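Going down the list, the protein sequences come from chains A and R. Following this note's numbering, the numbering of the first sequence begins with 1 at its first residue and continues without gaps. Following this note's numbering, the numbering of the second sequence begins with 1 at its first residue and continues without gaps.
The set of hints was computed from the structure by calculation and includes no laboratory data. Being a predicted model, the structure only gives us computed values, none of them experimental. It is possible that some hints are incorrect.
To be verified - On the chain A side, residues computed to face chain R include the following (Cβ under 8 Å):
no., residue
1, P57
2, E155
3, P212
4, T463
To be verified - With a cut-off of at most 25 Å between alpha-carbon atoms, the simulated DMTMM-like pairs for lysine to aspartate or glutamate come out as follows:
no., chain 1, residue 1, chain 2, residue 2
5, R, K80, A, D132
6, A, K496, A, D132
7, A, K201, A, D132
8, A, K437, R, D33
9, R, K124, R, E199
10, R, K257, A, D275
11, R, K80, A, D275
12, R, K257, A, D425
13, A, K437, R, D58
14, A, K402, R, E54
15, R, K257, A, D132
16, R, K75, A, D75
17, A, K437, R, E199
18, A, K166, A, D425
We treat Cβ as the ideally placed atom computed from N, Cα and C, and that holds for glycine.
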Amino acid sequence: MKKVISIALILVFLLSLGACAKTSKDSSPSAAPDASSSKSPSEGTPNSSTAPSETKPDTPDANKQISVRIGIPGDLGDLMTSGLQADCYSAMDAVFDVIFFCDPETREWTSNVLTDWYMEDEHSMVLKMRDDIYFNNGDKATAEDLLYSYLCHLEDGNDHWIKAMKIRPDECKIRDDYTVVIAVDEKSQDFFSRDNKLLCKKWVDEVGWDEPEAWYYPVGSGPYYVADNKPGDSITLKLRDDYWLAPAEDFYVNEYVITHYADTTTAEMALEVGDIDFCKVSKSEYSRVVSEGADAGLDVTKVSTGVTANFYMPAHINSVWENKLVREAVAYGVNWVELDKIMYGELSMPATSVTPSDSPLYINPGTRTYDLEKAKKLLAEAGFKPGEISLKTSLFDTAVYKSFGEAITHYLSQIGIKADISYGDTATVLAVWNAGKETDFAMHVNPAGSPGRNICQSIPGVTGENVSFTKVENAKLQELWSALSPLYDAPVSDKKAIAEELQQLIYDEILIIPFHEDNVAIAFNAKVLSKDMMQRNVTAETNYKLSRLGLRSNWE
Amino acid sequence: MIRYILKRLLFLIPILLGVIVIVFTIVYVAPGDPVILILGDDYTPEGYAAKAAELGLDKSYIEQLASYIWKIVTKLDFGKSYLVNTSVSNELLTRFPTTAALGLLAVGIMIIVSIPLGTLAAVKQNSVVDIGLTTLAMIVAAVPGFVLALLGLLVFAVSLRWLPLIGLNSLKAWILPVLTNALPGIAFLTRMTRTTMLEVIRQDYVGTARAKGLRESVIIMKHALGNTLIPLLTVIGGFVGTTLAGSVIVETIFSIKGIGTYLTAGINGRDYPVVLGGVIMTATLVCVVNLLVDILYSFVDPRIKAQYTARGKKARRITAKKSEAKAEVA
């Protein structure tokens, strides 16, 4: 009897192994996913093909409005606009009006709150606001609120934002009821990219910045308000009847329910059973959703976050990088396309420049194909024997960084460069990075993304104002970067020449090696939403522009 | 007995003090800087100094430790979370009932299921029932908790759609988290019950009971089971302690706001007040549960009960003799 049971157990085990093998073979993608919705392919930029949107949501009923449910894996966050990591960006976008935002069609910066803005002189940014903005508590927004929306960082614990925006707080003034003059050291990209929200000064003065509970039902001027807040679990937003910018009839979504899930796997399950309408999808699940999602009425799209993942070789930390031949050896000796696939799997999207291929500023400055023999020759020409160069660095202890670490160690060793990588958690590694020690090389991708496809956001630390290893000791590059940064809100035509020169310089001098166009995969209920909607209204990871997504024009 | 309980309660104080000092020191010397984590990577030196001063992190180790212990002793105040600025004490108290309910339900199911199954396996040793139960218990014990949780979700929530995916919003929603919490314990306790029962039923007094002609069911239920439960109490007590401290895996996968997820988030975010508060609460719960188990022993195990009673009688006899001796001398 014991023998019979043992044999039966072994058979069950073998059958289950066989079932698993069958399942993994079946899950290889049968359809090529599209990378962007509106740009035609450029030469030398793989994965930028456009696929027409194949799914169409149900036609909206003129008399009907819908509820859209969103799954957020990881921390749900809260609505205190202090910029701490714990913010729920998506909900905040619906409840608060941002002062500046990027138009998804033109990629240019614009504002619903301001009628005009300009530099009056070298140090004065004049902001003129509309006179018909109302908060959801009925208060009218004035210049006092607008000014406070910038200077609040002196109170909310983020005074380093004041410095990043180069604001001189003591010299800012209110010119009239709807005009503010912000005194700045100089115009900077952070002034626009920090996502400052219009705050009701009177309400914030009442509740302060010390008690998060007071911000569970915040006062904002956005189209939605918080109807229910279960901190850490879910936030329910409802459409205002009195939104100042557009009547309620212009919106098709009258309710958002944002729910927290422990991780992407659970959120994906919730999407499959119909508990939510869209969520981020992990790279390991991407193929499965593409191939099997249609059965469950799902679709998936990749959305660029507007920045690239870049490999940095900081010469100010390790002088070996001062030698261009060494940099060139690494450029040829690492199979960057393969590295991208190893790290990002189905979400791989090789980059050829420091801005994504759908950026209006993008050029293809050239391509270097993997050539190990050439790389070895270059290293020898630089005067280094194999094994003579030894590099150290610290990286985050995450799957992506670990894949990067293992692959780059292998490629560098093939060239003849030793790499020693230590892994740690965010706090530990950030401390090492900021100290500038033992970070002889690293990879960096701006987690905030860049809706405007701004090159300076893709390579934020070139002049030394970010993590240590992102600084590039090249006078010409720093000059171009500094010239481009204040043009953040300028039309594309004003920025193109500098942007092209900067991209070409980076390629020719091998100052930074971009290798991946950062993107996030979003799976959604195809009966309710479409690829176009996701492309236009998703910026970085879990940063959904719900105020825009709710508009009826998305469905028409 | 009361003196014993009071003595054990007093022992809690140095134990908890030791826990506070050890955990505080570990968190203090661990690499990583919570100030950088809060401010992000674009902080300025002035901003860093201001934030560190605000959080009290610019003081010396001794000053920080002393201040922390003083706040706990005088106000039961574990401080505020660095990341979300909410009171750690309030948050722990808010989350504790959920974690406790999950844990106690799991332990209850564990006891109700394991003891009868383990007894059955022992009584029917080497039969199909015994082999089947033992094998099943081994398989369940071998499967990691998160796999059980995800399998349960896949089968019952996604495929069959019988149960909800996350949260505890309805009675049905409790089924998967509680079962996931209970299953590893059921597997372990079943095997332990079987082993203990096998030892007990081989004792002489059980043989005597059989010789007297008692029915097998009476022998097992009346004579063997009680003695089997005594060593199991320690195991059950251990389970109660750990489940009250929070199951990270279950709470994470089912998105339950409990102590386990709170503590994990605190560890990952270098949120010292949360880590310290969570660990101290866990340590206190484990100590209290161990004490309760020890007290329960004295009621359940007649030998220990007699010891206390005998000690008490002996003490009274000695005291009486001394009083008589004094009186004679006087």
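Tested hints:
no.: 1; hint: P57; result: 23 Å, violated
no.: 2; hint: E155; result: 12 Å, violated
no.: 3; hint: P212; result: 6 Å, holds
no.: 4; hint: T463; result: 13 Å, violated
no.: 5; hint: R:K80 to A:D132; result: 40 Å, violated
no.: 6; hint: A:K496 to A:D132; result: 36 Å, violated
no.: 7; hint: A:K201 to A:D132; result: 17 Å, holds
no.: 8; hint: A:K437 to R:D33; result: 16 Å, holds
no.: 9; hint: R:K124 to R:E199; result: 14 Å, holds
no.: 10; hint: R:K257 to A:D275; result: 19 Å, holds
no.: 11; hint: R:K80 to A:D275; result: 34 Å, violated
no.: 12; hint: R:K257 to A:D425; result: 23 Å, holds
no.: 13; hint: A:K437 to R:D58; result: 23 Å, holds
no.: 14; hint: A:K402 to R:E54; result: 35 Å, violated
no.: 15; hint: R:K257 to A:D132; result: 42 Å, violated
no.: 16; hint: R:K75 to A:D75; result: 30 Å, violated
no.: 17; hint: A:K437 to R:E199; result: 62 Å, violated
no.: 18; hint: A:K166 to A:D425; result: 31 Å, violated
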